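Student: Please put together the full structure from these sequences, using the hints given.
As you go down the protein sequences, you meet chains A and B in turn. Here the numbering used here is used: position 6 in the first sequence is 6, and no number is missing along the way. In short: position in the second sequence from 1, add 1000, done, that's the numbering used here.
It should be emphasised that the hints constitute simulated quantities derived from the structure, not laboratory data. These figures come from a predicted structure and were not determined experimentally. Be aware that a few hints might be false.
Claimed, not checked - Calculated pairs, DSSO-like style, for lysine-lysine (alpha carbon to alpha carbon, straight line, at most 30 angstroms):
#1 A:K174 x B:K1068
#2 A:K16 x A:K68
#3 A:K175 x B:K1115
#4 A:K47 x A:K115
#5 A:K68 x B:K1175
#6 B:K1146 x B:K1134
#7 B:K1174 x A:K175
#8 B:K1018 x B:K1068
#9 B:K1068 x A:K18
#10 A:K174 x B:K1175
#11 A:K115 x A:K128
#12 B:K1175 x A:K115
#13 B:K1115 x B:K1068
#14 A:K68 x B:K1016
#15 B:K1146 x B:K1128
#16 A:K174 x B:K1115
#17 A:K175 x A:K47
#18 B:K1068 x A:K146
Said to hold, decoys possible - Covered by chain A, according to a simulated footprint, are these stretches of chain B (three or more residues, beta-carbon under 8 angstroms):
#19 1112–1121
#20 1172–1179
Said to hold, decoys possible - Pairwise CB distance ranges, derived in the manner of DEER restraints:
#21 B:T1013 x A:E64: 24 to 30 angstroms
#22 A:R163 x B:P1005: 52 to 58 angstroms
#23 A:E164 x B:N1142: 43 to 49 angstroms
#24 B:V1076 x A:V116: 54 to 60 angstroms
#25 A:E164 x B:A1024: 34 to 40 angstroms
#26 B:K1016 x A:R40: 46 to 52 angstroms
A virtual CB, placed ideally from N, CA and C, is assigned to each residue, including glycine.
Here's the letter readout for the chains.
Protein chains: 2
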Amino acid sequence: MARHPQHLEREITNLKEKILSLGASVEASVQRAARSLTQRDSVLALKVIDSDFEIDQMEVVVEEECLKILALHQPVANDLRLIIAILKINNDLERIGDLAVNIAERAVYLSTHDKVDLPFDFQDMAEKTQIMLKGSLDALVNRDVKLAREVCLADDEVDLMNREVFTLIEDEIKKDPTHMNSLIQLLSASRYLERVADHATNIAEDVIYMVEGEIIRHFNKISERTSKFSKR
Amino acid sequence: MARHPQHLEREITNLKEKILSLGASVEASVQRAARSLTQRDSVLALKVIDSDFEIDQMEVVVEEECLKILALHQPVANDLRLIIAILKINNDLERIGDLAVNIAERAVYLSTHDKVDLPFDFQDMAEKTQIMLKGSLDALVNRDVKLAREVCLADDEVDLMNREVFTLIEDEIKKDPTHMNSLIQLLSASRYLERVADHATNIAEDVIYMVEGEIIRHFNKISERTSKFSKR
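Tutor: Structure below.
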């Protein structure tokens, strides 16, 4: 089997471009989904839903490329670690794309049902989530562990925001259950945003692992254990 | 770099044992979490929460083994596909473990708060989900594509059950919002069960992919597109 280092290098560059291009599509999708939610824009929401097909196709291509490189070039050390990280990040990106669709579906519901307003800045939550996602991808490109760690820390903020939404919606339904359905759709949207932030954190952790060869995610989880019983 | 086919074979057997052992632990965790929920058993729920640490450790070990085999033996064709499938299944199993913890946390809440009863058989939903998980792991061991496809089909049933819970809880809160908090905890538990079923489906799809080298998951998704707008 032929193995030329310069071929491997070229294919890895190619693979990086593909995963970044997928990352950019997913970022755009989350941004649109968030805007369709905050502006109750069902046309934009439908665009998000339609374009998910392309994201799915891109994920399949990236996975096939990773397998091809592993089979043909049998990379070791840093190259191997990079490809495994990309395989996992690819998976996370595809799931973020699905979550953008889920958010857009809530936006479609909310744009066609009764108007509910919550004293909560979804725009702000969506922006924080997008900054995390962008940060995780920048960390990947630049092998920037410091940035990746910042992304991991920011996850707590988004978690807190999601809990705040939960409490606000609870209060709202108690006061007046008339708009319960729409409020529960908003709660779902908030949860989906929080899960986007979780996947961005996964990506950042994979970058750290790739660079430092250290599996940090379960240590993070252990330190979170103290807050495990608070409701989400 | 030394590469002995018989070493590779031995390490793959070893790896398979490890992933199945992780699978068995995760299955047990889901089963306990479901029982703690239906029987409002907080002691059992706390056991689930405590034992998640071991599941996390096992996932780390499996991932390290996969990377070691890839680096040392540089497997190709079927072996490579198997190892990539195991890497992904490992990830799904760890997430199922987390979901079992989430369900157990809801069980703790419900065991210490007001009694709510829903005309819905959570035991049945939990059993269906467990059968899917067990099926996906059996399909992995036996490379059983037929069984894997059955798991994928069963996912629709669990989805429907989750929607039924949503509607029932909606009605219940409308009738009497007093127990809303507990009802929303039940709704969360139902969603977590549904996500366990999703991950079991991912595992089954990875088995099919491993055996047939065919990426089916996005085709499934496209055929689901028609039901995309129904609420969850």
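Student: So, for every hint listed, does it hold in this structure?
Tutor: We went through each hint and held it up to the structure:
The suggested pairing of A:K174 with B:K1068 is violated, with an alpha-carbon distance near 55 angstroms, which exceeds 30 angstroms. Taken as a hint, the A:K16 and A:K68 pair is honoured in the structure, with Cα atoms around 14 angstroms apart against an allowance of 30 angstroms. For the proposed pair A:K175 and B:K1115, the alpha carbon gap of about 22 angstroms is at most 30 angstroms, so the pair holds. Annotation: proposed proximity of A:K47 to A:K115 holds, straight-line Cα distance about 22 angstroms (limit 30 angstroms).
Between A:K68 and B:K1175 the CA atoms are separated by roughly 58 angstroms; this puts the pair beyond 30 angstroms, and the hint is violated. Annotation: proposed proximity of B:K1146 to B:K1134 holds, straight-line Cα distance about 14 angstroms (limit 30 angstroms). Restraint check: the Cα-Cα separation between B:K1174 and A:K175 comes to about 12 angstroms, which is no more than 30 angstroms; the hinted pair holds. Only pairs whose Cα atoms come within 30 angstroms are accepted, and B:K1018 paired with B:K1068 is accepted, the gap being roughly 14 angstroms.
Annotation: proposed proximity of B:K1068 to A:K18 holds, straight-line Cα distance about 26 angstroms (limit 30 angstroms). Pair hint A:K174 plus B:K1175 holds up; C-alpha atoms about 12 angstroms apart against a cutoff of 30 angstroms. Taken as a hint, the A:K115 and A:K128 pair is honoured in the structure, with Cα atoms around 25 angstroms apart against an allowance of 30 angstroms. The hinted pair formed by B:K1175 and A:K115 meets the criterion: a straight-line CA distance of about 22 angstroms does not exceed 30 angstroms.
Distance hint between B:K1115 and B:K1068 is unfulfilled; the C-alpha atoms sit about 51 angstroms from each other, more than 30 angstroms. As the CA atoms of A:K68 and B:K1016 are separated by approximately 23 angstroms, the hinted pair is consistent with the 30 angstroms bound. With a C-alpha separation of about 18 angstroms, the suggested pairing of B:K1146 with B:K1128 holds against the 30 angstroms cut-off. A hinted pair counts as satisfied when its Cα atoms are at most 30 angstroms apart, and A:K174 with B:K1115 qualifies at roughly 18 angstroms.
The suggested pairing of A:K175 with A:K47 is violated, with an alpha-carbon distance near 35 angstroms, which exceeds 30 angstroms. As the CA atoms of B:K1068 and A:K146 are separated by approximately 27 angstroms, the hinted pair is consistent with the 30 angstroms bound. Residues of the region 1112–1121 of chain B with a Cβ under 8 angstroms from some Cβ of chain A number 0, which does not satisfy the need for three, so the listed coverage is violated. Coverage of the region 1172–1179 of chain B by chain A holds [criterion: at least 3 residues with CB-CB distance below 8 angstroms; count 3].
Between B:T1013 and A:E64, the C-beta spacing of about 27 angstroms keeps the proposed range 24 to 30 angstroms intact. The hint said 52 to 58 angstroms for the Cβ distance between A:R163 and B:P1005, and at roughly 53 angstroms that hint holds. Between A:E164 and B:N1142 the CB atoms are about 48 angstroms apart, so this pair conforms to the stated range of 43 to 49 angstroms. A C-beta distance of roughly 56 angstroms is found between B:V1076 and A:V116, which places it inside the suggested range of 54 to 60 angstroms.
In this structure, A:E164 and B:A1024 meet the distance hint of 34 to 40 angstroms, their C-beta atoms being roughly 39 angstroms apart. For the hinted restraint 46 to 52 angstroms between B:K1016 and A:R40, the CB-CB distance of approximately 51 angstroms keeps it satisfied.
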